[in-house]
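Engineer: Residues per chain, in single letters:
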Amino acid sequence: MTTHADRVTEPTPVEGTKARQSLGSRLVEGLGGGLVRVFLIIVGLFWLVPTIGLLISSLRPPKEMTAGGWWEVFSKPSQLTFESYDKLLQNSDITNSLVNTVLITVPATILVVLIGALAGYAFAWMEFPGRDWWFLGVVGLLVVPVQVALIPIAELFGELGLFGSVLGVVLFHTGFGLPFAVFLLRNFFAEIPRELLEAARLDGAGELRLFLKVVMPLGGPAIASLGIFQFLWVWNDMLIALVFSDSGSQPITVALQTQVRQFGNNIDVLAPGAFISMVIPLAVFFAFQRQFVSGVMAGAVK
Amino acid sequence: MTTATAAGGAPPPAAPKSRKSVTGTRKTVAALFLLPALVLLGALVVYPIGYSVVRSFYDQTGDGFAGFDNYEALFTDDGIRTALKNNVIWVVFAPTVATALGLIFAVLTERVRWGTAFKLIVFMPMAISMLAAGIIFRLVYDQDPDKGVANAVWVGVHDTFAESSAFPKAHPGRDSPLVARQGDFVTKATVSTGDTVLLPLVGVAPDQMPGDAKPAVAPRGDPGKITGTTWQDFTRGKGVGNLGAPDPSELGYPGMKVEAVKDGRVVASTKAAADGTFTLPAAADGAQLRLPADNFKEPYNGLDWLGPSLVTPAIIGSYIWMWAGFAMVLIAAGLAGMPRELLEAARVDGANEWQVFRRVTVPLLAPVLAVVTVTLMINVLKVFDLVFIIAPGSSQDDANVLALELYRKGFSEDQPGVASAISVFLLLLVIPVMCFNIRRLRREVRR
Numbered sequence: 000m001t002t003h004a005d006r007v008t009e010p011t012p013v014e015g016t017k018a019r020q021s022l023g024s025r026l027v028e029g030l031g032g033g034l035v036r037v038f039l040i041i042v043g044l045f046w047l048v049p050t051i052g053l054l055i056s057s058l059r060p061p062k063e064m065t066a067g068g069w070w071e072v073f074s075k076p077s078q079l080t081f082e083s084y085d086k087l088l089q090n091s092d093i094t095n096s097l098v099n100t101v102l103i104t105v106p107a108t109i110l111v112v113l114i115g116a117l118a119g120y121a122f123a124w125m126e127f128p129g130r131d132w133w134f135l136g137v138v139g140l141l142v143v144p145v146q147v148a149l150i151p152i153a154e155l156f157g158e159l160g161l162f163g164s165v166l167g168v169v170l171f172h173t174g175f176g177l178p179f180a181v182f183l184l185r186n187f188f189a190e191i192p193r194e195l196l197e198a199a200r201l202d203g204a205g206e207l208r209l210f211l212k213v214v215m216p217l218g219g220p221a222i223a224s225l226g227i228f229q230f231l232w233v234w235n236d237m238l239i240a241l242v243f244s245d246s247g248s249q250p251i252t253v254a255l256q257t258q259v260r261q262f263g264n265n266i267d268v269l270a271p272g273a274f275i276s277m278v279i280p281l282a283v284f285f286a287f288q289r290q291f292v293s294g295v296m297a298g299a300v301k
Numbered sequence: 000m001t002t003a004t005a006a007g008g009a010p011p012p013a014a015p016k017s018r019k020s021v022t023g024t025r026k027t028v029a030a031l032f033l034l035p036a037l038v039l040l041g042a043l044v045v046y047p048i049g050y051s052v053v054r055s056f057y058d059q060t061g062d063g064f065a066g067f068d069n070y071e072a073l074f075t076d077d078g079i080r081t082a083l084k085n086n087v088i089w090v091v092f093a094p095t096v097a098t099a100l101g102l103i104f105a106v107l108t109e110r111v112r113w114g115t116a117f118k119l120i121v122f123m124p125m126a127i128s129m130l131a132a133g134i135i136f137r138l139v140y141d142q143d144p145d146k147g148v149a150n151a152v153w154v155g156v157h158d159t160f161a162e163s164s165a166f167p168k169a170h171p172g173r174d175s176p177l178v179a180r181q182g183d184f185v186t187k188a189t190v191s192t193g194d195t196v197l198l199p200l201v202g203v204a205p206d207q208m209p210g211d212a213k214p215a216v217a218p219r220g221d222p223g224k225i226t227g228t229t230w231q232d233f234t235r236g237k238g239v240g241n242l243g244a245p246d247p248s249e250l251g252y253p254g255m256k257v258e259a260v261k262d263g264r265v266v267a268s269t270k271a272a273a274d275g276t277f278t279l280p281a282a283a284d285g286a287q288l289r290l291p292a293d294n295f296k297e298p299y300n301g302l303d304w305l306g307p308s309l310v311t312p313a314i315i316g317s318y319i320w321m322w323a324g325f326a327m328v329l330i331a332a333g334l335a336g337m338p339r340e341l342l343e344a345a346r347v348d349g350a351n352e353w354q355v356f357r358r359v360t361v362p363l364l365a366p367v368l369a370v371v372t373v374t375l376m377i378n379v380l381k382v383f384d385l386v387f388i389i390a391p392g393s394s395q396d397d398a399n400v401l402a403l404e405l406y407r408k409g410f411s412e413d414q415p416g417v418a419s420a421i422s423v424f425l426l427l428l429v430i431p432v433m434c435f436n437i438r439r440l441r442r443e444v445r446r
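Taken in sequence, the protein lines are chains A and B. Per numbering that gives the first Met the number 0, the very first residue in the first sequence carries number 0; after that it's consecutive. Per numbering that gives the first Met the number 0, the very first residue in the second sequence carries number 0; after that it's consecutive.
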């Protein structure tokens with residue numbers, strides 16, 4: 000990343016070539032630039048309007064919603080109200096499911112980072128027979144579709160009494176988060192300068208101390224990317240929770256999903272509900288753009 | 000993040016120096032570090048793969064061996080066949096369109112100062128859940144042009160180019176001089192020059208009346224011409240207003256088309272003014288007056304986005320909305336790493352922007368484009384949430400995809416055997432990528 004960035008800032012001989020261009024081609028280029036701008040603005044609107052539509056819909060009273068499109072607020076801004084949000088947050092199904100989303104997402108993220116880091120460190124710096132083969136095996140699991148595990152794990156959880164529990168959903172997410180975690184962290188830890196580890200060793204640090212005091216702090220950037228990626232992955236998941244949670248342990252995505260069947264009648268639940276479920280991911284996105292981008296880029300294979 | 004990692008491959012080659020344990024660890028310590036990960040992976044990822052493969056050869060109750068019956072169902076079951084067909088459409092179109100858009104956006108954003116803001120907007124949907132995106136697009140694709148923005152825009156464009164009718168449901172009232180004929184309304188009698196004609200109708204809902212309609216006035220009369228009025232002959236309330244005569248409380252039909260028909264040919268035509276009055280030339284003498292049917296068509300209601308025929312393209316559209324940003328950011332990173340001198344050299348040699356793009360940029364970016372497309376293909380194979388949420392119950396069968404069919408077969412139709420066969424099929428499709436990842440990584444690990 001850094002090397003690319005350096006290259007962009009390198010001065011390029013643009014000025015020289017510009018001067019040599021004919022007036023005509025410069026005119027064409029200016030016109031082209033104008034068109035590019037218009038095109039990009041239109042595309043940007045295309046990308047923004049759907050989300051704005053949801054936001055405004057969530058802020059209109061339900062009776063107005065059946066009467067006309069959300070764009071009417073531009074002529075009648077007095078329509079805007081938090082009525083739907085008020086009602087939604089008094090709905091215990093929704094508030095419970097929001098709590099469940101947190102109860103699922105936070106442990107599933109911490110577990111993946113922690114267990115992945117332990118294994119990543121072992122694969123990077125410990126010696127044991129077949130180390131590279133084991134690692135390649137884990138990497139092979141990167142692209143396994145979660146769908147393969149739905150039925151077997153549903154039966155397994157049924158036998159273990161985990162079906163319908165928050166713990167079951169957390170475990171499933173942890174299992175399927177691990178290949179990517181191990182892969183990313185092993186590669187990052189392998190880049191740690193050997194001298195640093197040796198120095199710590201000479202100071203008398205044991206394996207666990209080395210891991211906690213040297214490797215984990217140095218792995219900060221990779222751990223941040225992984226943590227953000229995993230957090231959003233679990234937060235946004237619907238399929239896994241749909242299969243493994245019940246009405247008491249369902250996260251917000253599943254709770255809203257049950258409402259979609261009567262789409263149109265209960266837009267006053269769906270629109271604010273969807274927006275509330277988006278607030279945390281969007282906040283993470285805007286706060287940690289760089290880590291977010293690198294996490295999503297690296298983890299998109301899932 | 001470099002592009003290599005996106006395909007699940009390795010980041011730039013790992014340090015070649017030997018990474019022997021610095022601590023001379025005992026194997027038991029290594030095992031302890033690995034144990035949690037390996038146990039979870041074994042129980043939750045590896046075991047299910049084996050289980051699914053075995054399960055796919057047993058019947059639905061799991062008691063009897065079924066051979067390849069479940070796999071046969073992949074190609075005979077109607078639901079699965081639709082799903083397969085749709086998955087092919089998805090895999091062909093969604094990744095290519097998303098990558099193409101990503102390429103265009105990445106190249107163009109380099110030329111504007113607010114490129115970063117643009118990228119932020121296009122990349123933002125990556126942060127939200129497919130459920131939220133699904134709800135967003137359920138709203139966008141709402142059939143009613145007064146609710147769904149897609150149809151609102153579409154109808155707007157359509158009505159700009161095609162004439163819209165202003166008076167749906169208008170029809171002659173009691174004792175009307177007009178009769179219905181194949182959707183048109185025609186006067187019973189012929190008109191002659193100097194006549195004044197009244198063409199009253201009823202039935203247009205007050206909120207459907209054009210905004211520019213003015214109170215109807217009686218025709219002025221002109222000895223050399225035919226004059227008339229066409230208006231909504233209805234005043235709310237019993238016994239209010241004269242039947243068959245324009246009252247100040249009644250509105251004219253602005254823009255109503257009036258034709259004079261003689262021997263089956265239109266000899267003159269005009270449109271009514273805001274107060275409903277119209278004038279026809281002497282040529283209309285002896286003709287019948289006709290209000291043609293296109294005055295009364297139902298208004299155009301736009302496309303049925305989520306109906307059986309458009310539902311898959313519509314959902315693919317929402318997927319592209321989510322993932323074009325991903326392609327764009329990866330391609331932009333590739334673009335930033337490209338040797339600028341090559342582009343400049345081509346420009347100096349007189350290549351125009353299109354040629355530079357076509358002959359230099361795209362070939363240099365080919366590896367990145369391939370990685371992006373393949374990554375999206377794997378992703379698209381497993382698409383579930385968007386289809387599940389956006390496709391309404393009535394057209395969900397038409398929008399079916401493999402992951403959705405697997406969920407249905409496994410969890411609502413109680414056919415775990417067939418569902419397992421679908422999951423093994425999905426797994427087989429990604430195995431080439433799995434091998435590719437392992438092969439590439441092996442070279443780096445082995446150094």
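Check before you lean on any hint, since a few could be wrong.
Here are the simulated EDC-like cross-link-like pairs (lysine to aspartate or glutamate), alpha carbons at most 20 Å apart as the crow flies [what the hints assert, rightly or not]: (1) Lys187/B x Asp262/B; (2) Lys62/A x Asp145/B; (3) Lys75/A x Asp206/B; (4) Lys26/B x Asp131/A; (5) Lys26/B x Glu126/A; (6) Lys187/B x Asp303/B; (7) Lys62/A x Asp202/A; (8) Lys296/B x Asp183/B.
These stretches of chain B come out as covered by chain A in the derived footprint (C-beta under 8 Å, 3 or more residues) [stated by the list, open to error]: (9) 25-35; (10) 67-80.
Have a look at the derived ranges for each label pair, beta carbon to beta carbon [unchecked claim]: (11) Pro60/A x Leu34/B: 26 to 36 Å; (12) Gly193/B x Pro60/A: 30 to 40 Å; (13) Thr257/A x Glu412/B: 37 to 47 Å; (14) Leu102/A x Gly78/B: 27 to 37 Å; (15) Ala244/B x Arg36/A: 38 to 48 Å; (16) Ser393/B x Leu113/A: 24 to 34 Å; (17) Leu113/A x Trp113/B: 35 to 45 Å; (18) Glu109/B x Ser91/A: 49 to 59 Å; (19) Arg36/A x Ser393/B: 35 to 45 Å; (20) Glu154/A x Pro366/B: 37 to 47 Å.
It should be emphasised that the hints constitute simulated quantities derived from the structure, not laboratory data. All values derive from a computational prediction rather than experimental measurement. Beta carbons are placed, not taken as given, at the ideal position from N, Cα and C, and that holds for glycine.
Engineer: Each hint should be assessed against the structure and marked as holding or not.
Structural biologist: So, going through the hints one by one against the coordinates:
| no. | hint | result |
| --- | --- | --- |
| 1 | Lys187/B x Asp262/B | holds (14 Å) |
| 2 | Lys62/A x Asp145/B | holds (14 Å) |
| 3 | Lys75/A x Asp206/B | holds (18 Å) |
| 4 | Lys26/B x Asp131/A | holds (15 Å) |
| 5 | Lys26/B x Glu126/A | holds (7 Å) |
| 6 | Lys187/B x Asp303/B | violated (40 Å) |
| 7 | Lys62/A x Asp202/A | violated (71 Å) |
| 8 | Lys296/B x Asp183/B | holds (11 Å) |
| 9 | 25-35 | holds (count 7) |
| 10 | 67-80 | violated (count 0) |
| 11 | Pro60/A x Leu34/B: 26 to 36 Å | violated (56 Å) |
| 12 | Gly193/B x Pro60/A: 30 to 40 Å | violated (58 Å) |
| 13 | Thr257/A x Glu412/B: 37 to 47 Å | violated (19 Å) |
| 14 | Leu102/A x Gly78/B: 27 to 37 Å | holds (35 Å) |
| 15 | Ala244/B x Arg36/A: 38 to 48 Å | violated (59 Å) |
| 16 | Ser393/B x Leu113/A: 24 to 34 Å | violated (46 Å) |
| 17 | Leu113/A x Trp113/B: 35 to 45 Å | holds (41 Å) |
| 18 | Glu109/B x Ser91/A: 49 to 59 Å | holds (51 Å) |
| 19 | Arg36/A x Ser393/B: 35 to 45 Å | holds (42 Å) |
| 20 | Glu154/A x Pro366/B: 37 to 47 Å | holds (42 Å) |
The earlier numbered hints that this structure contradicts are 6, 7, 10, 11, 12, 13, 15, 16.
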